[in-house]
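Student: Work the whole structure out from these sequences, hints included.
Position one of the sequence shown corresponds to residue 2 (the numbering used here), numbered consecutively onward.
Hints are supplied without guarantee of correctness; some may be wrong.
What the hints assert, rightly or not - DEER-style ranges, computed between Cβ atoms:
no.: 1; residue 1: 39; residue 2: 119; range: 20 to 30 Å
no.: 2; residue 1: 119; residue 2: 33; range: 30 to 40 Å
no.: 3; residue 1: 159; residue 2: 13; range: 26 to 36 Å
no.: 4; residue 1: 37; residue 2: 13; range: 19 to 29 Å
no.: 5; residue 1: 85; residue 2: 31; range: 28 to 38 Å
no.: 6; residue 1: 82; residue 2: 40; range: 14 to 24 Å
By construction, these hints were calculated from the structure, which means they are not laboratory data. Glycine is no exception: its CB is placed at the ideal position from the N, C-alpha and C atoms.
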Amino acid sequence: MRKLADGNPIWEISASEWDSTIAVNLRGTYLCTRLVLSGMTERRASKIANISSVSWSGHPFNAAYAASKAAIVSFTRSVAASAGRYDINVNAVAPGMTRTGVVGRMNEVTSSMPVDEAAVPLQRINEPEDVAATVAFLVSAGSRNISGKLITVAGGANGSL
Numbered sequence: 002m003r004k005l006a007d008g009n010p011i012w013e014i015s016a017s018e019w020d021s022t023i024a025v026n027l028r029g030t031y032l033c034t035r036l037v038l039s040g041m042t043e044r045r046a047s048k049i050a051n052i053s054s055v056s057w058s059g060h061p062f063n064a065a066y067a068a069s070k071a072a073i074v075s076f077t078r079s080v081a082a083s084a085g086r087y088d089i090n091v092n093a094v095a096p097g098m099t100r101t102g103v104v105g106r107m108n109e110v111t112s113s114m115p116v117d118e119a120a121v122p123l124q125r126i127n128e129p130e131d132v133a134a135t136v137a138f139l140v141s142a143g144s145r146n147i148s149g150k151l152i153t154v155a156g157g158a159n160g161s162l
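Tutor: Following this line, the structure appears as structure tokens:
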């Protein structure tokens, strides 16, 4: 099996690589959420927007990353269910390929996502502002009745598999 720079098949992922990915993505989300929720429950009418990824639905060469992002989706829904009584909305955003400093590398190695804009239904990949605008909406008054949801921002692409 060809080794890819952005990940390996599950049988080649070490326990320390697995733990590190889960710690950064899932535990980081948990710690931030836990930190802000105590003050939010007192103030009420607060918003949380977590960041997942379209890879949450599975990724053949990055199972740890996909699992951590899927866990964020479940975590988001669980927190939304418990925090709703305090008028706290909790949602997640699942960006697809986004033009950042690493897109060139991602285009070379990622087979699970469209590698060019023509392969995306809207024929463009995300700019960072596309993801930021979705987060801004989710933390605005306009999203007051949206909670426990995952919003995909991927130019019409539906996920990694």
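Student: Please go over all the hints and tell whether each is borne out by the structure.
Tutor: Here is what the structure says about each hint:
Taking 20 to 30 Å as the suggested C-beta distance range, the pair residue 39 and residue 119 does not conform, at roughly 48 Å. Judged by the Cβ atoms, the range 30 to 40 Å given for residue 119 and residue 33 holds: they are separated by roughly 37 Å. Under the hint 26 to 36 Å, the C-beta atoms of residue 159 and residue 13, about 27 Å apart, fit the expected range. A hinted range of 19 to 29 Å for the beta carbons of residue 37 and residue 13 is inconsistent with their spacing of about 37 Å.
Separation of residue 85 from residue 31 is about 18 Å and departs from the stated range, judged on CB atoms against 28 to 38 Å. Between residue 82 and residue 40, the C-beta spacing of about 20 Å keeps the proposed range 14 to 24 Å intact.
In this structure, the earlier hints numbered 1, 4, 5 are contradicted, and the remaining ones agree with it.
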